[in-house]
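*Asks:* Spelled out from the first residue to the last, the chains are:
Protein chains: 2
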Amino acid sequence: MVVQTDLSDAEVDRIFRALADRTRRDIVRRTLLREASVSELAADYDMSFAAVQKHVAVLKEAGLVVKHPRGRQRIVRADPDQIARARHLLVRLEELWRDRFGQLDDVLADPTTQE
Amino acid sequence: MVVQTDLSDAEVDRIFRALADRTRRDIVRRTLLREASVSELAADYDMSFAAVQKHVAVLKEAGLVVKHPRGRQRIVRADPDQIARARHLLVRLEELWRDRFGQLDDVLADPTTQE
DNA sequence: CGTTTGTACAACCATTTGGTTGTATACAAG
DNA sequence: CTTGTATACAACCAAATGGTTGTACAAACG
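Taken in order, these protein sequences are the chains called A and B. The opening position of the first sequence corresponds to residue 1 in this note's numbering, with each subsequent residue numbered one higher. The opening position of the second sequence corresponds to residue 1001 in this note's numbering, with each subsequent residue numbered one higher.
It cannot be assumed that every hint is accurate.
[Unchecked claim] Ranges of calculated distance between the beta carbons of each label pair, as one might list FRET restraints:
no., chain 1, residue 1, chain 2, residue 2, range
1, A, Thr5, B, Gln1073, 19 to 29 Å
2, A, Arg74, B, Glu1040, 45 to 55 Å
3, B, Ser1008, A, Ala43, 56 to 66 Å
4, B, Phe1101, A, Asp26, 41 to 51 Å
[Stated by the list, open to error] Sample of chain B residues lacking proximity to chain A, with all beta carbon distances greater than 10 Å (derived):
no., residue
5, Asp1006
6, Arg1025
7, Ser1037
8, His1068
9, Ala1086
Hint data in this document are derived by calculation from the structure and do not stem from the laboratory. Where is the CB? At the ideal position from N, CA and C, for every residue including glycine.
Working from the sequences, and respecting the hints, build out all of it.
*Replies:* In structure tokens, the structure reads:
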């Protein structure tokens, strides 16, 4: 299965930036396991509701979570596809290293190279 | 093969933060393919030598590149292992999602679960 | 209705980031 | 030894980040 819609530099910036914070990584982890409202999330961190709200906004801008309304709450859910895209960026770097002496053409032409 | 020495939150912060910049990702890419001195790197970016020096420092703090002296130059080389560790963090997130309805106990106890 | 709960958003603030220039030092080359 | 090159590092600056408080509004509740 291939998810890979190519990401712009700015999008990649946002994804890694969003992941570069413990609280935000924790929000992703939690909402990956089970969606939660912003206030449910906020209850578990030692900071204001508004601060958590901002963290969720950063994650949403990065596409790592989606938000949808349910009554007066906003339900947050992590997007595993976006996490997979981030992982794929690192995989591509690693592939680059593995093939660093080789000719990229062959790798691209190789019909066994898929994901 | 297991690389996984567990990373602290601060270390993970540094790794993702370091990757959240186009210039730094490009430096990683380049020095993954072929080591380069700081001035060789600096020549290719539209910013001062000092700015590139700082980017390399951020990458070094994150463990994504290593620097070693060669005469008067400082040779920069990307560390594929650290990139693999970063990837593994995302893989673990994805696994969490995959197993989200399952009982974690069983997974931990399963003798076939190894890496 | 009025009250409480959940969210949005603006204004503000300290710190960090990403860039600059300038100065100092180390090594290589004449 | 002198000169040029590669690097280090400090000081500075604007903008972004990560937090705060306060205000406003919408939905659920009594």
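*Asks:* So, for every hint listed, does it hold in this structure?
*Replies:* Comparing the hints with the structure gives:
no.: 1; hint: A:Thr5 with B:Gln1073: 19 to 29 Å; result: 40 Å, violated
no.: 2; hint: A:Arg74 with B:Glu1040: 45 to 55 Å; result: 49 Å, holds
no.: 3; hint: B:Ser1008 with A:Ala43: 56 to 66 Å; result: 25 Å, violated
no.: 4; hint: B:Phe1101 with A:Asp26: 41 to 51 Å; result: 20 Å, violated
no.: 5; hint: Asp1006; result: 14 Å, holds
no.: 6; hint: Arg1025; result: 7 Å, violated
no.: 7; hint: Ser1037; result: 18 Å, holds
no.: 8; hint: His1068; result: 18 Å, holds
no.: 9; hint: Ala1086; result: 6 Å, violated
Hint compliance for this structure: hints 1, 3, 4, 6, 9 are broken, all remaining hints hold.
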